[in-house]
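Number of protein chains: 2
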Amino acid sequence: MTGPAVEFWFEFASTYSYIAAARIESEARRCGISVDWHPFLLGPIFSAQGWSDSPFNIYPAKGRYMWRDMERLCDKFSLPFRRPSEFPRNGLLAARVASLEGTERWRAEFVRAVYRANFAEDRCISEVGVISEILVSLRQDAQSLIASANSAKNKERLRRQTERASHLGIFGAPTIVAGGELFWGNDRLEDALEFCGQAFGRRSRP
Amino acid sequence: MTGPAVEFWFEFASTYSYIAAARIESEARRCGISVDWHPFLLGPIFSAQGWSDSPFNIYPAKGRYMWRDMERLCDKFSLPFRRPSEFPRNGLLAARVASLEGTERWRAEFVRAVYRANFAEDRCISEVGVISEILVSLRQDAQSLIASANSAKNKERLRRQTERASHLGIFGAPTIVAGGELFWGNDRLEDALEFCGQAFGRRSRP
Numbered sequence: 001m002t003g004p005a006v007e008f009w010f011e012f013a014s015t016y017s018y019i020a021a022a023r024i025e026s027e028a029r030r031c032g033i034s035v036d037w038h039p040f041l042l043g044p045i046f047s048a049q050g051w052s053d054s055p056f057n058i059y060p061a062k063g064r065y066m067w068r069d070m071e072r073l074c075d076k077f078s079l080p081f082r083r084p085s086e087f088p089r090n091g092l093l094a095a096r097v098a099s100l101e102g103t104e105r106w107r108a109e110f111v112r113a114v115y116r117a118n119f120a121e122d123r124c125i126s127e128v129g130v131i132s133e134i135l136v137s138l139r140q141d142a143q144s145l146i147a148s149a150n151s152a153k154n155k156e157r158l159r160r161q162t163e164r165a166s167h168l169g170i171f172g173a174p175t176i177v178a179g180g181e182l183f184w185g186n187d188r189l190e191d192a193l194e195f196c197g198q199a200f201g202r203r204s205r206p
Numbered sequence: 001m002t003g004p005a006v007e008f009w010f011e012f013a014s015t016y017s018y019i020a021a022a023r024i025e026s027e028a029r030r031c032g033i034s035v036d037w038h039p040f041l042l043g044p045i046f047s048a049q050g051w052s053d054s055p056f057n058i059y060p061a062k063g064r065y066m067w068r069d070m071e072r073l074c075d076k077f078s079l080p081f082r083r084p085s086e087f088p089r090n091g092l093l094a095a096r097v098a099s100l101e102g103t104e105r106w107r108a109e110f111v112r113a114v115y116r117a118n119f120a121e122d123r124c125i126s127e128v129g130v131i132s133e134i135l136v137s138l139r140q141d142a143q144s145l146i147a148s149a150n151s152a153k154n155k156e157r158l159r160r161q162t163e164r165a166s167h168l169g170i171f172g173a174p175t176i177v178a179g180g181e182l183f184w185g186n187d188r189l190e191d192a193l194e195f196c197g198q199a200f201g202r203r204s205r206p
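Protein chains in written order, with the working numbering: chain E, 1 to 206; chain P, 1 to 206.
Hints in this document: simulated from the structure, not taken from any laboratory. Any given hint could be a false lead.
Where chains are identical, the list cannot tell them apart; a pair therefore holds if satisfied intra-copy or between any two copies.
[As the list claims (entries may be wrong)] Quick list of in silico lysine-lysine cross-link-like pairs, DSSO-like style, CA-CA up to 30 Å:
{"id": "1", "residue 1": "K62", "residue 2": "K155"}
{"id": "2", "residue 1": "K155", "residue 2": "K76"}
{"id": "3", "residue 1": "K76", "residue 2": "K62"}
{"id": "4", "residue 1": "K76", "residue 2": "K153"}
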């Protein structure tokens, strides 16, 4: 029998996903829970809600609040943070790399490095050079991985992931799927893990 | 010298304000912090963002999520909850009553009773009869208070409060103003109180 697991659905442009991506693995490990990483694209989901930009840009008061909230939260969780000079950055290439099959061994580390590049180092994660450099730092064959990431098959894979997110009822990032339910935002990380543990306990009972 | 205080900005139609209104006074007391209650109306603020309804109705996936999230959170905080048959309910009269001068002694209790009526008892808080009954249960002169609440002077008072909310950068409810900063949502209650305590400590230092 496999142990309890949560699905972590994230988008590379999402600020609060940076914090949750940095925290989820160690928090989950503490609860004996494993994490499945699910990159997806918010663009199509926001489009369906009638937005052509981040809500933090569309609604300026909300945006101003979010940047200050990010500073405070990163401080609380001891994470480096620098407000990016461009927002939102296009995370398509990074999401394609994170979608590749057979990359489970270094996927989480890649995800965290991309978030750090965007939200702590103000680097342009839409650029091939930046993504390559991150892959090289993980001792991976950047050129071959980027070619695979941009293959028709892998593009389709990410498209299907985003469709699945939408079917699951996901409307924002990060979202944690735990025990068959959605938990939205870094703020729900602990609740999601607790819910997952309880649901697993119920299922495991003879 | 007065002690540390936070401002609690709330709207009676707001689901998460129900939870925060139920929790804030006891949590603040534990930190030696007092709470100033600031009713306001989200309607004009949402209008300015282009919304003519609650975002939980405009964006159905977000709405479905919120109702389930409310169930889980009320369970977590041991609060009664029943999904109201009408949402959002018009909290104008209740907000006018809560805005009245000289009502500090029973204001918090009134606010909590109105939220309970809306979100635990599915009662129509826009009705004079419901608000009267709540005032009577608090041993107040309902008829005279409702007349004062609907006076031109008090209507203007609530209008100014809502304008002040907007000037403060408030875009949703509940919002806690602590140490000169905004903390949005029941999720930030503990952070707001901690921030208030630290800011007060810095100010009090010789």
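Right, here's what the structure says about each hint:
1. K62 <-> K155: between (33 Å within a copy, 27 Å between copies)
2. K155 <-> K76: neither (37 Å within a copy, 41 Å between copies)
3. K76 <-> K62: both (20 Å within a copy, 27 Å between copies)
4. K76 <-> K153: neither (41 Å within a copy, 44 Å between copies)
The structure fails to meet hints 2, 4 from the earlier list, while all remaining hints are met.
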